[in-house]
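Trainee: Listed here are the chains, written in short residue letters.
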Amino acid sequence: MKKIIDALPLVVFASLIIVLFSFLSDKDDQLETALIDSSFPDFNLGSLSDESRVLTKQDIIKLPALINVWATWCIACRVEHPFLMKLKEESRLTIYGLNYKDNKLKALDLLERDGNPFEFSIYDFEGRLAIDLGVYGAPETFFIDKNGLIRERHVGVIDEKVWEEKFSKYLNE
Amino acid sequence: MIPEFGHLILIVHLILSLLGGTLPLLAVYGNYRSLEISIKKLSFMLFILITISFLSLIYSFLVDDFSVAYVAQNSNINLPVYYKLAATWGAHEGSLVLWILAMNAWLIGFIFFTHSKDKDFLSTVFSISCQVIFAFSLFTLFTSNPFERILPIPPLNGADLNPSLQDFAFTVHPPLLYFGYSGLLIPFAIAVAAILFKKDTREWASYSRPWTLLSCSFLTLGIALGSWWAYYELGWGGWWFWDPVENAAFVPWLLSVALFHSLITSQNRGVFGKWSILLSIFAFATSLLGTFLVRSGILTSVHAFALDPERGIFLLAILAFFVIGSLFIYSITDFGHVEENKYELTSKEFGFLLNNLLLVVLAISILFGTIFPLIYEAFTGGKQISVGAPYFEIILFPFALALGLLQGVALYLSWGQSSSFSFLPRLLIESLSIFSLIILILFVLFDNLYLSSFATIFLASWILVGTLQMTKKRNLSYWNFLRKRLAVTFAHAGMAILIIGVGVVSSYSLEKEIILSPGDSTEFSDQTINFQSIDDLLGPNYTSKSAVVSFDDGSKLSNIVTEKRTYLPSGQITTEAGIQADLFKDLYVSIGDNLQSNIWSFKIQIKPFIRWIWLGALLIAIGSFLAGVKQFQRR
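As they're listed, the protein sequences go chains H and R.
Heads up: the first sequence begins at 1 in this note's numbering, then just goes up one per residue.
Heads up: the second sequence begins at 1001 in this note's numbering, then just goes up one per residue.
Excised from the complex, chain H in its bound form (with noise of 0.2 Å):
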């Protein structure tokens, strides 16, 4: 019995690491197969900043496009919120925001205060579109082509150096 006791903040711990190390091995390919080329999945949801307007997937028609996944309350949103506003002036594609899972009215200040770089938001406060989307969290930005297809995503802060690296070749085709 008392062996199994010492034994068991070895077993709780390796158990741990399985777990974090399964989910680091599958991440990257799973995210990329599953939407990589397919075109948006279809949504009907409400509008952030008009809750009576009803979008619809034939409502991106502004291509080329970034979706940008956002809420208040992720702070790394924050971060990433001068970028998008750059990323508005200078460029010519259109950005949509998907509002996730947020406090309407939190959002609205946002926007009204720190600007707002999307064409218009999507508010899913059940986070419906996002499950299709397969959305890990906010922030997480997808470029959609001019053909309407997915071809790129980022989990995380997107800035200078990723868009760069991963983004900005799509806008050049």
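A few of these clues could be false.
[Unchecked claim] Only pairs whose alpha carbons sit at most 25 Å apart, straight line, appear in this in silico PhoX-like list of lysine-lysine:
1. R:K1274 to H:K2
2. R:K1545 to H:K88
3. R:K1545 to R:K1630
4. R:K1512 to H:K3
5. H:K3 to R:K1274
6. R:K1198 to H:K101
7. H:K2 to R:K1545
8. R:K1545 to H:K3
9. H:K88 to H:K3
10. H:K86 to R:K1274
11. R:K1274 to H:K106
12. H:K166 to H:K88
13. H:K57 to H:K104
14. R:K1198 to H:K2
15. H:K104 to R:K1512
[Stated by the list, open to error] Residues from chain H that keep clear of chain R, each with C-beta distances beyond 12 Å, as calculated:
16. L16
17. L45
18. S52
19. L55
20. H81
21. R92
22. T94
23. K161
[Claimed, not checked] Covered stretches of chain H, as calculated for chain R (at least 3 residues, CB under 8 Å):
24. 142–154
25. 164–172
None of these hints come from the bench; they were simulated from the model.
By construction, the Cβ of each residue, glycine as well, lies at the ideal position given by its N, Cα and C atoms.
The hints should help you fit chain R onto chain H, whose structure is shown.
Mentor: Coordinates of chain R only, in the frame set by chain H:
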């Protein structure tokens, strides 16, 4: 040349740390006494080598050597010199070198300040530490080499240091935090050696205690500075966000606090030996786990390090090797004797036990909340959930309450026997008086009372009285007080002050969005707010719109400057909040959008008592630092 030199030195350091990680063990366990080396000399050499390597990296930053990839990514010709220096540890690669430097510094301290007759034991502690240092050096050289060149055509200018990191608190925050994290290496190595040698609990606890206290002090300062930085730099006026990286630092902090309390008991009474060993291992493990979570990219966070799956696997392997290894040794070792010391239910020992249980369960809950989204996703095949501030606040509250109540009475308890609780009525009456006094002051200051702050303010009064009363009761002379009770008084009173800060700021904070053009004014709370002027400014590496907003409460007029900066190299825009700091309330203004030609939006916040949070943390850090230093004198 210099970067190549630094690179070479780092490789020499790697080889020497491998020797340090193997030779002493062979000498002790394989009985190859001819392999015996001077651990003092070796630890000194290792420290010199890593320092030279780090200095060559600093040099590359100072001379703008953009052929070094790491410099090119994190610096810029126009970056002020001070930030060039700080950029050395501003991203992943350089911070690792600093980390290794910190581990070497702790090791050298341990070797030179620990006086033990058992040379074999010291050699083993040294050797285990060297193994960890070796693993980190290997990791740095193979996956995160800061000296890598961009050849043959180096860029003419660098990409610049992330603007939100160009800031004083940020330049000091990482080194302190790394020193805190890496200091936990020493208690870990001591604990593993203690298992191997089946050391007497009192003896090894006395070696471990000062290092645990010092690491805890550095961790406290590092976390507090990070919180202060987030408060004024992110422009939101919050001081804690439950971001994964914050949790990754908070968990080892909680465990190190639990550990040194447990070590007090182990050292004085010879009990909790195995528990202290496990805590030492897990405090170290969680500091590595935090590093892994942040830098492997499996959790997204405000601290965006460059991500690379290879690094994650490497770090996880380091973590698995050392922690599973030590837990394995722990599980197969028969410690033989059962700890005999008996203690009563209301003794000091039991108080410490309760303190440890609460801290550890709290640490596990926070760790769980941090990685639960990952585990949940792994088991449900990609379904997402997010765990945010609401979870952590619900978890924290009951634990904080229990810990605070315990803290108030803890100093009255005595070793071994059951304590008399005759002090309770007095403690209660005095804390109620302090409580009423604080409430009265708050009412005078803010004309308002919020019931929601009562619990925390009572808790703070309870701890404060429990701490100060005890100091008074012992009837110590002034000198003896300084010598014996200063550290604990600082640390515990610091906790009380921190709790007052948290309680007041979470209930009494005010905020409002206003829209003004220059010359306009508006009323908010008891303040008249006037938008004075807005000007274009040119900084060393940014342009800025700088607005002056004045606050007037009838007796005092303060002009506060808030800026919107555009950093030239990257084009990133940051908001610099303007803060008029005061012991009782901060006036906080951050500039928003330019709505029309000259009309701007601002966010105004009044944050009462927020300074008390960091003041409390500072006292805790000073207290644990003093307690650590005191341990050296005792021997």
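Trainee: Does each hint hold? Answer for all of them.
Mentor: Hints, verified against the model:
no. : hint               : verdict
1   : R:K1274 to H:K2    : holds (12 Å)
2   : R:K1545 to H:K88   : holds (20 Å)
3   : R:K1545 to R:K1630 : violated (51 Å)
4   : R:K1512 to H:K3    : violated (61 Å)
5   : H:K3 to R:K1274    : holds (13 Å)
6   : R:K1198 to H:K101  : violated (53 Å)
7   : H:K2 to R:K1545    : violated (68 Å)
8   : R:K1545 to H:K3    : violated (67 Å)
9   : H:K88 to H:K3      : violated (62 Å)
10  : H:K86 to R:K1274   : violated (56 Å)
11  : R:K1274 to H:K106  : violated (49 Å)
12  : H:K166 to H:K88    : holds (17 Å)
13  : H:K57 to H:K104    : holds (21 Å)
14  : R:K1198 to H:K2    : holds (17 Å)
15  : H:K104 to R:K1512  : holds (17 Å)
16  : L16                : violated (8 Å)
17  : L45                : holds (16 Å)
18  : S52                : holds (24 Å)
19  : L55                : holds (21 Å)
20  : H81                : violated (9 Å)
21  : R92                : holds (17 Å)
22  : T94                : holds (19 Å)
23  : K161               : violated (7 Å)
24  : 142–154            : violated (count 0)
25  : 164–172            : violated (count 0)
Comparing the model with each earlier hint shows violations of hints 3, 4, 6, 7, 8, 9, 10, 11, 16, 20, 23, 24, 25; every other hint is respected.
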